[in-house]
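K.L.:
So you can see what is in the structure, the chains are spelled out below.
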Amino acid sequence: MNIKIKQLKFNYPNFSLEISDLSLTEGRVTTIVGPNGAGKTTLLKCLSGLLTIPPGSVFINGSDLTTLKGGQRAQLISYVPQEMTSIFNYKVLDFVLMGRAAYLPLFSPPGEKDQQLAREALTYIGLNNYAQRSLFELSSGERRLVLIARALAQQAQILFLDEPTTFLDPKNEIEILQLIKKLSLEMKKTIVLTLHNLEVAAAYSERLVFLKKGRVIAWGEPAEIMTESLLAKIYDVSFKIIDWQGHKFLLKGHQE
Amino acid sequence: MKSKFISSQRLTWIMLLLPFGLLLFSLGLGPYPLSPSDVIKTLLSPFISAINVPEAFSVIIFRIRLPRLCLAFLVGAALSVSGASLQALFKNPLINEYILGLSSGAAFGAALSLVFLGQNFPPQLAAFILAVVAVGGVLLIAGHSETHLITLILTGVIMTAFFSALLSLVEYFASPYALQSLFFWLMGNLSLATWKDIILAGPLMTFGIIVLLLLRWRLNVLSLSDDQVKALGINLRLEKILVILAATLATAAATSVVGIIGWVGLIVPHLVRMMVGPDNRLVIPLSATVGASFLILADDLTRNLASFEIPIGILTSLIGIPLFIVLLKKTQRVWL
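Protein sequence lines, in the order shown, are assigned to chains E and W.
Numbered by numbering that gives the first Met the number 0, the letters in the first sequence go through residues 0 to 255 in order.
Numbered by numbering that gives the first Met the number 0, the letters in the second sequence go through residues 0 to 335 in order.
There could be a bad hint or two in this list.
[Claimed, not checked] Covered by chain W, per the in silico footprint, the following chain E stretches (three or more residues, Cβ under 8 Å):
#1 42 to 52
#2 66 to 75
#3 92 to 100
#4 105 to 111
#5 188 to 197
[Said to hold, decoys possible] 25 Å max Cα-Cα, derived DSS-like pairs, lysine-lysine:
#6 K170/E / K247/E
#7 K8/E / K68/E
#8 K181/E / K247/E
#9 K90/E / K195/W
#10 K247/E / K180/E
#11 K5/E / K212/E
#12 K187/E / K239/W
#13 K90/E / K90/W
#14 K232/E / K247/E
#15 K40/W / K90/E
#16 K68/E / K239/W
#17 K211/E / K232/E
#18 K112/E / K90/E
#19 K3/E / K211/E
#20 K212/E / K181/E
Don't read these hints as lab results, they were simulated from the structure.
Even for Gly, the Cβ is constructed at its ideal location relative to N, Cα and C.
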């Protein structure tokens, strides 16, 4: 599935997002990076139909996003929010099962096939023993995984993840990113995520999109576009890039 | 919280069947007690001509106790299911079925009819209409702010205050006699139940309950944050209106015939969630049956506790509030 953005505009009272032309292609991991308030989450929400955008500005495989009904859209796109917010302490399996909503008519509860898909999604992320646990028992890493499992049960080819690794320890962070990589390789999903950690963003994504004040400043392959001068321009702080065996390490606020 | 003595599946069945047993048992209770066999014989007598029961039994069962208990059953189910559904929809377990101004709208309607319209306009109809008007007004004022549940709840608070003020105004001009019947209505009462009430309000209550029962799994999804609901492909505005409409019809119909019976829609769903967890596929049907049981039991108490009858609305509050405090203390919030 390809996503094409043309003249996308979205305004908040003190902020505007304007993207004239950007394509996100199938089977790739694209990471949106940029300072706080650059519009990363806003962009993801525009692309997943959570915010109202002008018609003719986002195309999914050629069809205008704004012409899709909620259910149709959710069968193509799943959105993984930053945090799991549920007031009620559902069982993990019941929560993952909610990913099936787009396929079920208004008055139908999920059937055996939906249960099966939810269980498979849990198995895929390695939490098959967690089906009967309660949400409130989970660690924050496990909560992120369960959110991804719900997106898998949704069976959408496009996956948007909003800061999937924030507040995670290094092990959980890497686990989530490896899972995302696996989803793009094995399931050929088109994946777009936002991250703050530039080093892992460069290591795990095929494309980086640098966003600042609602505008795309640069985009392309990490190795090509991530330069000290670009980072300094985007984040207003000096950077030193150290290359070690193909991995990029960053020193922030570095004084020569 | 899991019970150590009883499997959760068996518990579910007990809760589902409880009101039917209670109904049979309660038919025998009253100033003129009937044995269970007399109750069953009387119930069967219209269908089997071989069974003969005294005329008095038939009158007690069919004219007095059965309509009243059926009404208690329906009202208990309607209030509890509406409460449980709105708690899921508003993502807040502390919300009750009157949150959108319904009870004060109904009270004002009944007051208008009892004080000014006399016999010309039945208070039930006036209460129903004003209850629906209050909720409709809240939806209109809150408008398209579909993502702002807080706006909706605050508008409900405002609407409640507005209709309370109107109610006071009517009370101020009312004659003592009209005031007395108004207070009687406001306290919530089953003692005047007739088959006519059930024929008038029963279909609306049943309709609302059935719609919410059909939406039971959808309510799980709707209880997530609005962004997640939308991302999962749900037409949030449409389904929100549908839930509110069904809950309003059921609650307004119940309120119009029995007055304001508080705390049922808050306590019963909590009790159910404490027993079986928050999955609305279970919570909604069990709220219906446990709610029906709760109100039948409360009605048994009002009829048999003292030589005079206590209005059931007072009793549900008197039982409900301490029970709620105990529940909150005991379980913290783990069953939510």
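K.L.:
Which of the numbered hints are not met once you compare them with the structure shown?
P.N.:
Per hint list: 5, 9, 12, 15 and 20 violated.
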